[in-house]
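Using the sequences and the hints given, assemble the complete structure.
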Amino acid sequence: MLNSLHWWRGILITFTALWLAKFVLPLPFMNEVLVFSIYTIGCNFLLGRVGFISFGQPAYLAVGAYATAFYLFYFGTNPYIGLLIGLVAGLVFAFIVGLLFVRLRSDYFALVNLALSVIVFYMLQKVLADITKGDNGLWFLTNIDATPVFNLTKPSEFFLFCIFVGAAVWALYKYLDDTVFGACCLATKINETKLEFIGYDNFKIRLTAFVIANTTTAFAGSLYAIYLGFVSPEMTGHSRTADPVVVTILGGVGSLWGPIVGTLAYTGLRDVASKFIGNWELIVGFILVFIMMTNSVGLYGTLENWSKSLWRRVSGQKGTA
Amino acid sequence: MAPRVGSERYGMTAQLLFSGVVFGLSLASIYFLISIGLSLCFGLMRIISLDQLLYYTVGAYITYSISTLTGNLWVGVLGGIAVGALLALAVERLVFKRIYERELTFSMITSFGILLGGIGVVKALWGVVPRPVRMPLDEQMNLFGTDIPLYRLSVIVVAALVYAGIWLFLNRTIIGKAIRAGIEDMEHVEGLGINAARLFTITFVLAGALSALAGGIYAPLIMVDPHMGLEILAFVFMVVIIGGLGSIKGTLYSSLLVGQVVSLGSLIYAPLAVMAPFAMMLLILLVKPTGLFGTPLSK
Chain A
4 MLNSLHWWRG ILITFTALWL AKFVLPLPFM NEVLVFSIYT IGCNFLLGRV GFISFGQPAY
64 LAVGAYATAF YLFYFGTNPY IGLLIGLVAG LVFAFIVGLL FVRLRSDYFA LVNLALSVIV
124 FYMLQKVLAD ITKGDNGLWF LTNIDATPVF NLTKPSEFFL FCIFVGAAVW ALYKYLDDTV
184 FGACCLATKI NETKLEFIGY DNFKIRLTAF VIANTTTAFA GSLYAIYLGF VSPEMTGHSR
244 TADPVVVTIL GGVGSLWGPI VGTLAYTGLR DVASKFIGNW ELIVGFILVF IMMTNSVGLY
304 GTLENWSKSL WRRVSGQKGT A
Chain B
1172 MAPRVGSERY GMTAQLLFSG VVFGLSLASI YFLISIGLSL CFGLMRIISL DQLLYYTVGA
1232 YITYSISTLT GNLWVGVLGG IAVGALLALA VERLVFKRIY ERELTFSMIT SFGILLGGIG
1292 VVKALWGVVP RPVRMPLDEQ MNLFGTDIPL YRLSVIVVAA LVYAGIWLFL NRTIIGKAIR
1352 AGIEDMEHVE GLGINAARLF TITFVLAGAL SALAGGIYAP LIMVDPHMGL EILAFVFMVV
1412 IIGGLGSIKG TLYSSLLVGQ VVSLGSLIYA PLAVMAPFAM MLLILLVKPT GLFGTPLSK
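So the protein lines, in turn, are chains A and B. Residue numbering for the first sequence is 4 to 324, as defined by our numbering. Residue numbering for the second sequence is 1172 to 1470, as defined by our numbering.
FYI, nobody ran anything at the bench for these hints, they're computed from the structure. Because the structure is a prediction, the values reported are computed rather than measured. Ideal placement from N, C-alpha and C gives every residue a C-beta, glycine not left out. It is possible that part of the hints are untrue.
Selected chain A positions facing chain B (Cβ under 10 Å, derived; list incomplete) [as the list claims (entries may be wrong)]:
(1) Phe-104
(2) Arg-106
(3) Leu-117
(4) Met-238
(5) Ile-252
(6) Leu-285
(7) Gly-288
(8) Phe-289
So, in structure tokens, the structure goes:
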């Protein structure tokens, strides 16, 4: 399965397209899109595959970002070790939190996650202010070493690195969809009693899914930290809590390519709209309510339906002609 | 000499403790007024209505506008309740009516969208600068040798009156009884010939009005700003989770508990104000995943 070109085709096309997009769109925008879509795929997986809605994703993002930032600010200079530390920190944090949260009913899960992100924000801003420097944030751009293969301090090479990392992350999630585990995730969303009856442990499946999704999110946080060269509690702030959920729903819940399409649209819209109106919340709220009320399948789903019906018409005409 | 210093210090701590308890009670009043709406909406309609925090914000802003115009806070609070209730009615008619049947995540995302969009509108109407609301009763009242701001006491009295009112409404009126029965089993209530749609509307508007009332009476104690709803959100969630979603009794007890923990915790060590209730919530969820008075029902 993994060694067939057919399986890799979608990933190759998408990330080649994203790489080519760099010649048209500004580089900082593309970097933002790549990191943001890695950030969102965790939320997309949780909502679309496991049925967990999480408004607390910024908490996991911040854990990864601050773990990397602590290393680069206080201890070392190698960005790759920083990324690794962010990943491990995210894994440990997601595991501990997951043990507590995954047992909860989905309504409680959503509320507790949102509370968690508020607590993490508060901790970073006030409680741990001695080491996080509070609202000023940690600045360590000059601490990062230039590394031989991908020099992550240069935006253009960071972009290439993100293309490869993104392709790997998407391959992982595509692979998960194909495995028994992926099927079990979907089953625990749809009918957990039946799944338990067959002999699978709902708790283990949910915990694994939770840890995978939120480790990805923490990894995106590390990427953010290295790319921007600074971290501040603002990344978990009030106005950011809804970002991953909005992008997930905008792109299309549960679809593999939804996060990328959603991020492109969302980031683009934000960059364009913020020039005209500073009132971003109004637009986000409107998008959310509109998509939910119209029962839309999101941008990717719409595109998919269009292309399918177009294809059917084209091939249908061929058949009759 | 030494014992006198000791007793003075003891007197000081007792006073501090007492004012801390009163402060905690006033916080609990606000938490209760908002979370009772959330809890009722969940219990009856099985929705999580995050937009309650929008009615809280709007209630506070209307109170600010009217009370600066007329100089009377209580007129402002009444205006805030009216606007909050009307807004809740509009949102219920336009949005929630269509999504009661959907799963829980659906109502949560939609109501979060309404909350964010509403904050955007509030920003456009009143600007982002925090606004102060003048406190009507700025005298201090001497209770057991401790000076307590009279206004904080009146906040507690208002909340207590509201609780009594809700209790009477739910236990003595037929609509209230229908709401209580609906929390237990909606299908049977409908079977008795009670109009479910009207029951839902009444509950939703009641919840919105109570949230707006909370915003209005809390406004003089804090600065009114567009993000006030998001700031109190975590505490309201903790109250609802600890008490158990859908339980009225649980909401009362847990708001009293969280109010005291926040207030007394911050007396000991300032960061405890936020950390302590969160830790308490995690502990309670470990023991009982549905909160103290929550029932293990699911949709």
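* Asked: Going back to the hint list, which numbers does this structure go against?
  -> 4
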